[in-house]
Structure formats: C-alpha cells, structure tokens
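Visitor: Same order as they appear, the protein sequences are chains L and Z.
Anchor point for the first sequence: position 133 equals 310 in my numbering, and the numbering is continuous, going up by one each time.
Anchor point for the second sequence: position 377 equals 554 in my numbering, and the numbering is continuous, going up by one each time.
Treat each hint with caution, since some may be false.
Any copy will do: because identical chains look the same in the list, a pair fits if it lies in one copy or spans two.
To be verified - Below, simulated EDC-like cross-link-like pairs (lysine to aspartate or glutamate); rule was C-alpha separation at most 20 Å, straight line:
(1) LYS549 with GLU615
(2) LYS602 with GLU579
(3) LYS254 with GLU265
(4) LYS234 with GLU223
(5) LYS276 with GLU474
(6) LYS499 with GLU235
(7) LYS602 with ASP188
(8) LYS563 with ASP304
(9) LYS234 with ASP501
(10) LYS373 with GLU344
(11) LYS499 with ASP304
(12) LYS276 with GLU319
(13) LYS234 with ASP493
(14) LYS320 with GLU278
Hints are computed from structural coordinates only; laboratory data are not their basis.
Protein chains: 2
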Amino acid sequence: MAKRITPRSVDYSRWYTDIVRQAELADYAPVRGCMIIRPYGYTLWENIKAGLDRRFKETGHVNAYFPLFIPMSFIQKEAQHVAGFSPELAVVTHGGGKKLEEPLVVRPTSETIIGHAYAQWIRSYRDLPLLINQWCNIVRWEKRTRLFLRTTEFLWQEGHTAHATEEEAVEETLRMLGVYADFAINDAAIPVIQGKKSQREKFAGAVDSYTIEAMMGNGWALQSGTSHFLGQNFAKAFDIKYLDRNNELQHCWTTSWGLSTRMVGGIIMTHGDDQGLILPPVLAPIQAVIVPIWRKEKERTVVLEAAERVRAQLADAGVRVKLDDREEVSPGFKFNDWEMRGVPVRVEIGPRDVAQNAVVLARRDRPGKQGKAFGVPADGVAEVVKALLDEVQAALLQRATEFRGANTHTGIRDYEEFKEVLVEKGGFLRVHWAGSPEDEDRIKEETKATISCYPLDIEEGPGRCFYTGQETDNIAIFSRAY
Amino acid sequence: MAKRITPRSVDYSRWYTDIVRQAELADYAPVRGCMIIRPYGYTLWENIKAGLDRRFKETGHVNAYFPLFIPMSFIQKEAQHVAGFSPELAVVTHGGGKKLEEPLVVRPTSETIIGHAYAQWIRSYRDLPLLINQWCNIVRWEKRTRLFLRTTEFLWQEGHTAHATEEEAVEETLRMLGVYADFAINDAAIPVIQGKKSQREKFAGAVDSYTIEAMMGNGWALQSGTSHFLGQNFAKAFDIKYLDRNNELQHCWTTSWGLSTRMVGGIIMTHGDDQGLILPPVLAPIQAVIVPIWRKEKERTVVLEAAERVRAQLADAGVRVKLDDREEVSPGFKFNDWEMRGVPVRVEIGPRDVAQNAVVLARRDRPGKQGKAFGVPADGVAEVVKALLDEVQAALLQRATEFRGANTHTGIRDYEEFKEVLVEKGGFLRVHWAGSPEDEDRIKEETKATISCYPLDIEEGPGRCFYTGQETDNIAIFSRAY
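Full structure from sequences and hints, please.
Guide: Here it is in structure tokens:
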C-alpha cells in the first residue's frame, strides 16, 4: 500500500521521477514529451505564479496575451533566433481541413510576434517604456525530456519590454533578474546565484543573457530563470521604432525574461530527501496537515471535533490547512503520505491530546522526535504554527545555502585538478577563466561540465585562468547542468 | 486626435469593432482569425478569471493542466465528438524537423485527453467525484471570426468532472450552470437566462447541454457559458471505470463546462453605448479615474497634490484607481478617452474644488450633468466612491434587465406573426414550442433565428405551439444569435 521512493544515493534520477509521480505533481501524457500537471503540482505552480505576478506588477508591468501561432516567416527574420530555434519547432500545416498557405509555428518563445505588435503600437517616446508580461504555454520539440525540467510543452511567463535607450534596457534586464532572485530566495528558499551566460549558452538572438542558477541536491546546476538584453536585434528585424524628443526616428532597445514550470523541478531537487518532497511553506499548496488519531469508536467523535476546531482556527489565520479524515488508511500511512508530499508542518491530535487540550506539531524538514513539539496548547495554536512555518522556510534556505557552500570548490589551479574535483566531488567549480568559446566547447566535450554562469557578485580579484594560465579578473562557475 | 466610434444605429457590428480596438481591448493578429488581447482587455479577463476561479474553488474544484496536443486517434473515439469537431481542427504534422507518425490536434476542447487521464487515475468510488478545472488556450479553425466573440484561438476555462451516479453528474452540471449565472449577474451585471440547448445546438458528444444566454444591445442572443451532461459517452469511449461499494466495475458519469474570452464581447454589447465601453465596476480594470484640471502653471502643483491625496485615499480603500496626469492632452480629451474606455466613475479636481476641499464625481452610465455630483467633500471621498460603484453596478444590471424585458416578445400565435415580430422588433421571441429538429432547421433557414434555449425557469403553463399548433408545456426562446 505504502509507496516507495528510490533513495537518492541509489539513483538520483529515479528518485526525482518517483517523487514527481508519487506525490502526484505530474504524470506523463499520451503525447511524447508532454506532461499532465496534476492538481497538487498545479497548485504549487499557481503559488509560484502569484509570487511572481505580484512582483511584476509592483515593478510596473502589465499582462497581455499574444497568439499561440507564429507565421514561419516571422521566426526567420532574426538570424541567430532562427538558427537556435529551428530544430525545436512544432509546425501546424493544416487548419479546418485544408493545407495552409504558410505553415504556422507553435510558439517556442514570443519575441517575434510580440516584436511585430510593438512595431504597430509604439509611435513616440511617450509610448516607452512598454512593459508587458504574458503567462502562457510554450512548445519546444525536445529530444530528451524529463517531467518539469524539460518537456515538449511547458508553462511559463515571458516578459517583453521596449525602451528608448540602451541604458534603460540593460537596467530592466538586471531589474528582472533581481526580481527572479528575490522570488527564488524568499519564496522558493533556493539560494540562487545571479550571473551572466557565456556567449555559447546565451539565448538565440540576445546580446547578453543573465540567469539565476541553483544547485540541485546532486550538485548539478539548474538554470532557473533567464533575463535577456536583446539590444536592437529584434527592433531592427521587426522595425520597432519611435520618434524621439527631437522628432527623429530611432530603433527601440528591447529585453525579454522568462521563468517556467521548470522551477517546480528546482524546488524538488533543492529541498527533497529520501522520504520525498519538502516544500517551502511560502509556496506549499498545503502548509499544515492535521492527522486525527483514534483507536476506539468513542474516541473518534471527540478527536475529530477537536481536529476540526484546530482546522478552523488555522484556516481563519490564513494558513493553508487540510484535515485528513480518511477512514480507510491508518495514521501511520497518513504520516508517510504527507511527508512524501512535502507538507511543511503536521498537526497530530489523539485522545490524550484532546484531554490536555493540546496538539503535537511535527516539522517536515527535521525527521523523528527532533522535529516534534509535544503538548502545544490547542488555544492559540495558529500563531505557533505560523511561527513554525516561518522557521521552516528560513531553515530550508539556510540548509540549501550551506549545502551549496560545502559543494562549491575554489582555488583550482589547473585542468587536471579541475577534472579530478569534478569527478570526485562534483558541485560548482568556481574558477578564474580566460578561455575562448572553443575552449569551453572542448571542456564540455571532455568533462560534460559547462559554464553555468559568470557570477555578478565576485570578490576574488585577479588570478590565473586554470585552463589557459592567463591572468584574469573573470570568474566562471563550471558544473554539470540540467 | 479624438477617436471616433461608429454609432450603434449606423452599424452595430462596426460599433463593436471600433470599441474593441479603440479602447485597446484587443487587436487583430498577423495570423488569420487570431487576436492579441491587449493589457486593458487582458486585465478585464484577469478579473473575470478571479471571479470564476473563486467560485470554482468554493464549490470544491481544483485546477490542473493537460497537454495542448491531442493524438488524432483520441478525437475519433467518440462518434458525435469527432463529427462535430473535425471541420475545425488545427493539425501539427511536423515536430523537431520530422514528420510525425501520428498527427497531433491542437486542443479544440479537452474531453478526450482528460478522459484518457481519468481512466488511469480513477480506481474506486473513493476517487469520486473528481472535480478538476483547467484554464488554457483553445484552437478552433473558424470560418468567420470576430474579436472576442469567435476567434481561431481563444482563452477559456474547462471544467471536467467524473461521478459515480447519473444523478450526481446532472446535479454538478446544473450547479456549474448556476455558478456561471451567479457570476454573470453579480459580477458582469448581465441578466442571463439559464436554459437547455436544443438537440441541434448541443455540444458534440453531450447528452444534454445547458447554457446561460444573454441579450446583446441589438437584441441578438449570446451564448455566454455552457455546462454539459455527458452521460457515459466519454466514459465508455475512454474506459473511465470505478469499483463501486459492491466491488463491481461501473462506468463513470461525466460533465464538462466552459466559459471563454467571449464573455468580454458580451460585456461590451450588454452595457456599451455610442460613447464607447461601459464596464461593470466589479470587473473594471480601472474603477475610478482622476482627472486633474488646471490652466495656469501655479494651479498645477496644488491641483496635482490634491489629486494625489484623493488617489492614495481611494487606493487605500481598495478602489482600482488611476490618476491621469498626462500633460500633452486636455482634460476634455481625457474625459472622452476614459468614457470610451468605460471607466465607471470619474473624479474631477480643479482649482475651485481644491479651494473647497471637494471633488466632482461623474458616473459613466448617466451622461451629462444628470450623472454628476458637485462639491463632494474630499475627506471621506473613498466611501462615497465605493457606494457610487455599487450603485453603478446595480444600475447596469437593472438597465440590462429592463432592456431584455422590453425586447422579449410573448403571445406569438403563428409563424406569420413570428416572422413579423422577428423582422420588425427583433429581440427574444419566447414561444410555446413542440416542433421537431427538422422544423427548427427550417425556421433557421427561412428566418436565421435559432433556439437560444429552452429556459429552465418557466411560468407559462400549457399553450399551443406557434409552429405546429400542438398543445405543449415546452417554452423556447428564438432569436438571432452570435
């Protein structure tokens, strides 16, 4: 009856898939590479959306919706863009029973069709900046797929902004990177690193791509959100122009930025353990679950009544709470089930607790007795639970930060040591780097490690590149990556 | 400079399109039959979504997400379904540069792929009812399109539920019809009629389709939301079975229900006038706009400061408020502009108002001086505005209800009179009806009128069918329809 999750040490990849499926976050779809996001996973996504959408609106953005279908000719207008996305396109060739004159691409990203619209809407400097975000589905025909991390169809938001000057566009690019980092750290409890992508890894059509990079439980990097400075590349391809204050026509400067359902995978692999999922309270669909415990029938009513009073108290205090009153399974089964689903706090109520007008609290992030508090007075339990949720949230961030620290390796002197550390320890290799894109390719081929990012926040000062031996200020983080 | 809207009496259809485009609700897309929902229109949709989503959750539903792509073979499993949807499909034939083995349909509705999932998820009566909703985009290759009312791609929600008994499924179908009606009446101020669709007009694959029907400003009917009792049609096609309490396998009974961006068109055509849009306060993106008025430069600062104080006061009170401090256009231009965009309440502040510590309030639904209140004290203006918003909301519903009453025609004795009333008066023809589906076809061909619905709430008692002369209890509403 009880579900089994493969331990991380046995097979990290199976551990991940076991959690996604057994916690009912998502399922494989009958269409290759697609997934069904089940209610529990979708509610997590709704909470992610709410946290981001609030931040977007606070920074002056509005939402809109652009078409799913993009004429093939649009994709071809920006040279790097078409080169990058061509291999991944899904193409509609027939509509209403007839062959279409021009095939339509199912959007792999919307710079082109939004660029076309902006060219119609923007007339003068008064129309700028134009700050629009879209929540939608995206299709990229991926060869190897994995639930949430890389699927043919996924959900995301894509921000698209147009500005009068290069400076303003760069500022927006970095502002939204900061918004992503703030969300990841404070809502998802994931201590991301803000950095710049290498030229090899940047978005097809961008001048510069920025990223938030997270370390997963196996030491690999997960690119968790990106913000692109597009220069005038798309403005020139789509004729996005404005009349400046001197009545002269200028091309706009544009940005785009996106964060997707991939974030769900990042949360699983940052916080989860061998018992299953651990969800940060800010995003958890259920923050506290109440498990009533009784043996005899006469205990049942009094325990359930007390449980219901606690449920109402927590709900009134704004805690997302569930009372698990199933009768066909045991309390022990319920404990495992909700642990596997990552609910941050469990409230246990048995006949002795009722007699004392108390409850037992258990926190998901600390196993066994160590994470339990006994005899917590039932009156005012809502305040205690809320404080405990805050504590769990902070503890998850701290643990992930410590884990990242322990698995980040510095002071690597040469390529031999680099390879040794990568194989023996894994994690992030934070190194001085002055190599070329071709050097980067060679390292990727030989070690499978790529440049996760050039971190923005560096303290190292100058040093010698481990690969070329050249003196440089530049720091790169190499790692295996999803 | 000022935009012109075609008067309704000149060309109702142009009036509609003028409003959609000039109020910046939506734009035509560069892809045939698709639209771009602009920020103002999308915010209206966000408010519609919030009102519905809250009601869905209150009635026990959860959200999930199913794939955009559906294998062609799925669509073909339910005979009526494939017959109804085949002519409208968009088909993906190529992915990742290769021809697909089985073409994929871009979802025109999701009964099939969700039915496939439910067959995996449902095992026993304990898994029932399963109550899931999805917010997503939909594609139907429509021949004639019109912004919001009928577009190749549109946004909607689709609820899909599975039940153990026929009775429960019928109850759910009617419950969600009631939820739609409650939303339409109380949030959109549209006095819809709840009814049943004729067999000719029902959903392809349903046993019975129910509808909320609204009367537009030209007397035509708009089907604004539908709720379908699917019987065991999809359960049998997709093998959705459960073990009942006696451990016997049974087919489930299913329902589906949807409401789309079409509702935006319904709001425009229910409330709008020759000045433009009129939005119900509950859904309006901007509920109150503040227009500061000054001539001399020294008046400017004091007026803007007073306007900002009022803005802050309204925002604190939870009113969605905008201060229009543009300098390049006149107050008169702003009045027209916001009237055209349908903002329910305008707050005017000039130097004399500032001197009296007062404001002028103007309500959108009553033109000219009749809709204005002068010398409203600036202190405590938020409460006055909130009460006024409630008043406008109620007045819009009342006006629409009276309009529908005045344009609903009863007591029609024969087909001659029917045709005469339809041509000369239009609107809803509420008649006794005992005709066959073939009679319905004939009337449609000869008059373009269709059965909008068989209303659920009838008081008429028995009477003679205007077409067949037969005695009947059945009432039908005939009308021209979108």
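Visitor: Is it within, between, both or neither when you check LYS549 against GLU615 at 20 Å Cα-Cα?
Guide: neither (54 Å within a copy, 72 Å between copies)
Visitor: Are the CA atoms of LYS234 and ASP493 at most 20 Å apart within a copy, between copies, both, or neither?
Guide: between (27 Å within a copy, 17 Å between copies)
Visitor: When no copy is named, should LYS234 and GLU223 be tagged within, between, both, or neither for a Cα gap of at most 20 Å?
Guide: So LYS234 and GLU223 pass the 20 Å test inside a copy (16 Å) and across (13 Å) alike.
Visitor: If the cutoff is 20 Å on CA atoms, where do LYS602 and ASP188 land: within, between, both or neither? Let me know, please.
Guide: within (17 Å within a copy, 74 Å between copies)
Visitor: When no copy is specified for LYS320 and GLU278, does a C-alpha distance of 20 Å or less occur within a copy, between copies, both, or neither?
Guide: Between. Shortest inter-copy distance 16 Å satisfies the 20 Å Cα cut-off; intra-copy 28 Å does not.
Visitor: Given a CA cutoff of 20 Å, do LYS499 and ASP304 count as a within-copy pair, a between-copy pair, both, or neither?
Guide: Intra 48 Å, inter 17 Å, cutoff 20 Å: inter-copy only.
Visitor: 20 Å Cα cut-off: does LYS602 pair with GLU579 within a copy, between copies, both or neither?
Guide: within (16 Å within a copy, 76 Å between copies)
Visitor: Given a CA cutoff of 20 Å, do LYS276 and GLU319 count as a within-copy pair, a between-copy pair, both, or neither?
Guide: between (25 Å within a copy, 15 Å between copies)
Visitor: 20 Å Cα cut-off: does LYS563 pair with ASP304 within a copy, between copies, both or neither?
Guide: neither (45 Å within a copy, 31 Å between copies)
Visitor: Evaluate LYS499 and GLU235 at a C-alpha cut-off of 20 Å and name the case that applies: within, between, both or neither.
Guide: between (31 Å within a copy, 15 Å between copies)
Visitor: My question is about LYS373 and GLU344: at a cut-off of 20 Å on alpha-carbon distance, are they close within one copy, between copies, both, or neither?
Guide: So LYS373 and GLU344 pass the 20 Å test inside one copy only (17 Å; across, 59 Å).
Visitor: Classify it for me, LYS254 with GLU265: is the Cα-Cα distance of at most 20 Å met within a copy, between copies, both or neither?
Guide: within (17 Å within a copy, 30 Å between copies)
The structure does not agree with the numbered hints 1, 5, 8 stated previously, though it agrees with the rest.
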